[in-house]
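Kindly generate the complete structure, drawing on both the sequences and the hints.
These protein sequence lines are chains A and B, in that order.
Position 323 (the first sequence) corresponds to 398 in the working numbering; numbering is contiguous.
Position 260 (the second sequence) corresponds to 335 in the working numbering; numbering is contiguous.
Hints should not be assumed to be uniformly reliable.
In this list, chains with the same sequence are indistinguishable; a pair is considered to hold if it fits within one copy or across any two.
[Said to hold, decoys possible] Result set (EDC-like, lysine to aspartate or glutamate): computed pairs, CA atoms no more than 20 angstroms apart in a straight line:
1. K222 <-> D379
2. K344 <-> E330
3. K248 <-> D135
Just so you know, these hints were derived from the structure itself, not from any lab.
The structure presented is a predicted model; accordingly, all values stated were derived computationally and were not measured.
Protein chains: 2
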Amino acid sequence: MAGHVAVVGATGAVGQEFLRVLEQRNFPFEKITFMASARSAGKPITFKGKTHTVVELKEDSFKGVDIALFSAGGSTSKQFAPAAAAAGCVVVDNSSAFRMDPGVPLVVPEVNPEDIKQHKGIIANPNCSTIIMNVPVWPLHKVNPIKRIVVSTYQAVSGAGAWGLWELEEQIKAYVAGQPIVKNKFPHPIVNNLFCHNSKVAENGYNEEENKMVFETRKIFHAPTLLVTATCVRVPVPRAHSESINITFSKPITEQEVREILAGAPGVKIVDDRERNHFPMPLESSNQDDVLVGRIRQDISQPDGCGIEMFVSGDQLRKGAALNAVQIAELL
Amino acid sequence: MAGHVAVVGATGAVGQEFLRVLEQRNFPFEKITFMASARSAGKPITFKGKTHTVVELKEDSFKGVDIALFSAGGSTSKQFAPAAAAAGCVVVDNSSAFRMDPGVPLVVPEVNPEDIKQHKGIIANPNCSTIIMNVPVWPLHKVNPIKRIVVSTYQAVSGAGAWGLWELEEQIKAYVAGQPIVKNKFPHPIVNNLFCHNSKVAENGYNEEENKMVFETRKIFHAPTLLVTATCVRVPVPRAHSESINITFSKPITEQEVREILAGAPGVKIVDDRERNHFPMPLESSNQDDVLVGRIRQDISQPDGCGIEMFVSGDQLRKGAALNAVQIAELL
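Dropping the structure here:
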């Protein structure tokens with residue numbers, strides 16, 4: 076029993092998903108408080124049939140709170156998570172603020188649940204694309220250490236927040252009505268288009284999302300020399316990220332072995348029907364807890380037999396964010 | 076001057092693009108004939124301001140025809156291209172029927188124009204995704220031979236034909252109207268979704284589109300041992316295919332070298348503005364002759380300096396099909 080739970084940023088896309096996941100999993104608690112910025116304070120939130128009032132998030136809000144689920148962006152986490160931790164609360168933070176902090180565990184429960192024990196009041200929830208890749212890749216890595224991953228993503232608009240969903244929706248409507256496509260927060264139109272991920276491009280030429288996939292995976296796997304390269308792309312899909320993953324293992328591996336390992340892996344569901352051309356896709360991974368995995372095949376460009384190709388799709392609001400955080404809270 | 080030119084399958088998506096490209100490039104000919112199946116015979120076609128009547132395609136249709144541009148599908152090409160060649164006509168065939176035939180040149184004019192000379196009446200136009208990858212990759216391969224390519228595609232619906240465009244359009248309208256999404260020829264809904272390429276999955280686990288990218292590239296590059304792996308995905312974009320391309324060269328190469336080589340490469344336009352997050356995308360590559368190339372960066376997963384990542388986008392009806400075929404005809 077978690078005692079007093081706080082949800083910080085309950086009105087955002089991930090925050091709303093937090094509520095659904097907490098309800099569906101019947102997460103045990105004695106008291107729940109919804110916190111948000113002054114702007115959203117006073118708003119009503121319905122949870123488990125009861126109406127709660129959002130309270131304003133302040134540094135002294137966490138007295139007596141046991142677990143706080145933060146999904147209000149990096150600057151809010153930076154400002155309030157240390158105060159919450161100092162007040163004795165354990166923060167599960169969905170932002171990128173503390174992920175690469177060596178003192179903060181970065182946890183995918185199917186991969187490194189034991190890291191939770193090292194926490195000093197803050198546990199970081201990884202980036203959504205990272206989680207969706209790590210869940211099916213980790214069980215393979217455990218059996219046959221991975222040398223290199225080349226991943227290309229097909230990321231849904233809701234990964235950017237509730238506004239991303241709204242922006243796609245508005246542009247679809249404008250397109251059908253024959254009206255001009257108005258872009259708002261995305262740098263380019265998204266309806267009938269796609270573009271490289273709308274995060275800042277770093278010194279190394281990789282955008283932030285790509286660097287997260289590379290460096291977070293190394294931290295989660297405790298594999299500081301694991302080679303990863305990523306290309307992250309935003310596509311006109313509302314929900315669920317898909318990823319084309321090419322892996323080089325340290326020893327030869329067959330697609331049959333991969334299938335057997337993944338058939339027993341937690342959080343993974345194999346969808347790989349070659350006959351009927353039925354593979355993972357956002358339409359079917361949306362609102363699912365499991366990451367769908369398919370197109371499992373021997374990589375013909377690695378004649379030494381050490382290569383595997385696969386295609387995965389997972390709900391980035393759910394396993395990619397809220398579910399993963401609630402799973403961490405459950406482990407606490 | 077080409078004398079008598081025939082366009083076979085003028086009413087399809089690529090056929091219509093043929094007409095636009097022939098007009099825009101002012102392709103020189105004395106006479107032009109539009110041919111199609113009995114079903115479409117008699118239909119009017121407007122070309123260069125004149126109305127032509129589609130004539131029925133028969134085996135004896137090619138007497139006196141100098142060049143025939145075929146874009147009517149593999150079975151039509153298999154049935155009629157040999158008869159056309161036997162009548163002394165040179166066929167530029169956009170189908171996959173003859174591409175891997177060792178006696179038939181497979182040509183991307185920017186890559187292997189000299190192969191045209193070997194023709195025995197039929198020249199094959201490569202697969203659209205293959206052409207769009209080969210145009211920017213070949214100039215790099217010439218300077219620093221490529222060992223391996225890992226490519227993931229983001230392919231537009233019109234690559235499937237005019238019906239693909241129609242199907243996306245109908246599903247977008249149904250979505251906005253709140254009506255059920257009806258799939259027709261695609262195996263899955265495409266609006267707000269994406270799925271692995273809708274071609275048959277072969278014995279090796281790769282679908283036909285992926286195998287085309289692998290084996291056609293080897294033939295076009297005259298590089299039978301070149302290692303290529305591809306994952307082909309259909310996305311809700313009307314026109315223009317995009318591709319995430321990871322390359323391993325035989326010697327170290329810098330992103331600056333790649334930029335310099337591509338700046339002078341035919342058929343390539345660099346769009347790579349990190350500051351403004353402006354990279355190749357279908358919205359801007361549609362209706363363009365050039366393949367847009369960006370996200371050029373050193374692959375951090377290849378510490379020996381032999382790796383490059385890039386993201387490209389090209390119009391698959393244009394450079395991926397009609398333009399490439401007309402360029403071949405121009406070389407004739």
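At most 20 angstroms between alpha carbons: which applies to K248 and D135, within, between, both or neither?
neither (44 angstroms within a copy, 50 angstroms between copies)
K222 and D379: within-copy, between-copy, both or neither at 20 angstroms Cα:
both (14 angstroms within a copy, 14 angstroms between copies)
Measure nothing new, just compare the shortest in-copy and cross-copy C-alpha distances for K344 and E330 to 20 angstroms and report within, between, both or neither.
Classified as within; 16 angstroms inside a copy, 39 angstroms across copies.
Comparing the model with each earlier hint shows a violation of hint 3 alone; every other hint is respected.
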